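Q: Read off the chains here:
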Amino acid sequence: DAKTTQPNSMESNEEEPVHLPCNHSTISGTDYIHWYRQLPSQGPEYVIHGLTSNVNNRMASLAIAEDRKSSTLILHRATLRDAAVYYCILGQANAGGTSYGKLTFGQGTILTVHP
Amino acid sequence: DAGITQSPRHKVTETGTPVTLRCHQTENHRYMYWYRQDPGHGLRLIHYSYGVKDTDKGEVSDGYSVSRSKTEDFLLTLESATSSQTSVYFCAISEKEGNQPQHFGDGTRLSIL
Chain A
1 DAKTTQPNSM
11 ESNEEEPVHL
21 PCNHSTISGT
31 DYIHWYRQLP
41 SQGPEYVIHG
51 LTSNVNNRMA
61 SLAIAEDRKS
71 STLILHRATL
81 RDAAVYYCIL
91 GQANAGGTSY
101 GKLTFGQGTI
111 LTVHP
Chain B
116 DAGITQSPRH
126 KVTETGTPVT
136 LRCHQTENHR
146 YMYWYRQDPG
156 HGLRLIHYSY
166 GVKDTDKGEV
176 SDGYSVSRSK
186 TEDFLLTLES
196 ATSSQTSVYF
206 CAISEKEGNQ
216 PQHFGDGTRL
226 SIL
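Chains A and B, in that order, are what the protein sequence lines are.
Residue numbering for the first sequence is 1 to 115, as defined by my numbering.
Residue numbering for the second sequence is 116 to 228, as defined by my numbering.
Quick caveat, the hints were computed from the structure, so don't treat them as lab data.
The structure displayed is predicted, hence computed values, not measured ones.
There may be inaccurate statements among the hints.
Unchecked claim - Output of the computed footprint for chain A on chain B, the stretches with three or more beta carbons under 8 Å from beta carbons of chain A:
#	region
1	156 to 164
2	218 to 226
To be verified - Chain B side only, calculated, beta carbon under 10 Å to chain A, not exhaustive:
#	residue
3	I119
4	Q121
5	Y148
6	Y150
7	Q152
8	G173
9	E174
10	F205
11	A207
12	Q215
Stated by the list, open to error - Subject to a maximum C-alpha distance of 30 Å in a straight line, what follows is the list of computed DSSO-like cross-link-like pairs (lysine-lysine):
#	chain 1	residue 1	chain 2	residue 2
13	A	K3	A	K69
14	A	K102	B	K185
15	B	K211	B	K185
16	B	K172	B	K185
17	B	K172	A	K102
18	B	K211	A	K69
19	B	K126	A	K102
20	B	K168	B	K185
Even for Gly, the Cβ is constructed at its ideal location relative to N, Cα and C.
One chain only, chain B, in its complex shape (with noise of 0.2 Å):
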């Protein structure tokens, strides 16, 4: 299995709060990734990165913001929580550009009360 691993993996906050979540790679891949899934939407792609400090908006990135300082860290971060924002938010990694496999984390389930 690819070395990824998120955290926390369940974490319960209240609206307004900030929160951070952390996906950790020791794969040294380049692409990074940040999913949410919830019911009848699938899965849906928040924010990427293709590199150190190199990041896009994805599909949902309204809400949330990112960071990657070092290879190994993606940080998604919800700056003030809503309740619409419960979910659960996945991970992956891709290890060159070009329709290359991703491999998913274990997610994390947040709700925001």
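Chain A on its own, in the form it takes in the complex (with noise of 0.2 Å):
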């Protein structure tokens, strides 16, 4: 199975822009990179997916390498409340092709946001 790798913990300030890399380079031609995060006590929170062109929704903006290897979230102006584990995810298909949206989840990114 294809895996990610993040680093453990990233730091940032209140109100500037935060950039959180992905290594995905056995990522296949078919698998999705998905972006969830995890507040404390709360349940994981989708925050985005793409396959190869760089997305944009309210939350946040996914640039993804041209050559699917890597990729990176970005929020744009950081807030206290982005305080979260940020898990960067690869989609995968089962033994016969039909992907039932089976995620696996690494240990994610700790991101602190100062005030």
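Using the supplied hints, reconstruct the complex from the two chains, each of which is provided in its own coordinate frame.
A: And the structure:
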């Protein structure tokens, strides 16, 4: 199974941009790149996902390298509420080739935001 | 927020007793998932369902069974709970197959003494 590698932790100041990196050098051609985050004592929350092109939504932007071996989640202006564990995950297909959306969570990056 | 309710939210029980956790959704989503989260392991998939009465095993399915008799409910059962099953359990749902976002419940904290 394709794996992702993320830094254990990162720090940012409030109202500054944050770039959270993720390496996925063994990604397959059909794997989507997903980002979730988990605030303390809550379930994971979907942030964004993409396949090849950069993606934007109200929460964040996802920049995907041309060779798809890495990606970066961008929070344009960090707030204290963005302090969470951020997970970069590859969407996997089952043996039959039909994805049931199974996600394999790694350890993620703990983001600390300073006032 | 997606309409997902997990019950109970907290439970303490003894080794060897049966335990059933319930996940209820009001979104009419086809796909439902059970994960457990433990320190040092992140979230791991236990079982998932791709329709009524259609379920399959995940990464850590030993000691767990599931049932889905209707779209809105996905039950996770520990037939004979062990201390190693002490964990936080999360249910998730998604609307479509193929890399669609999953929406998670608030979790059930289960302690087995």
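Q: Against the structure shown, which of the earlier numbered hints fail to hold, in ascending order?
A: Every hint satisfied by this model.
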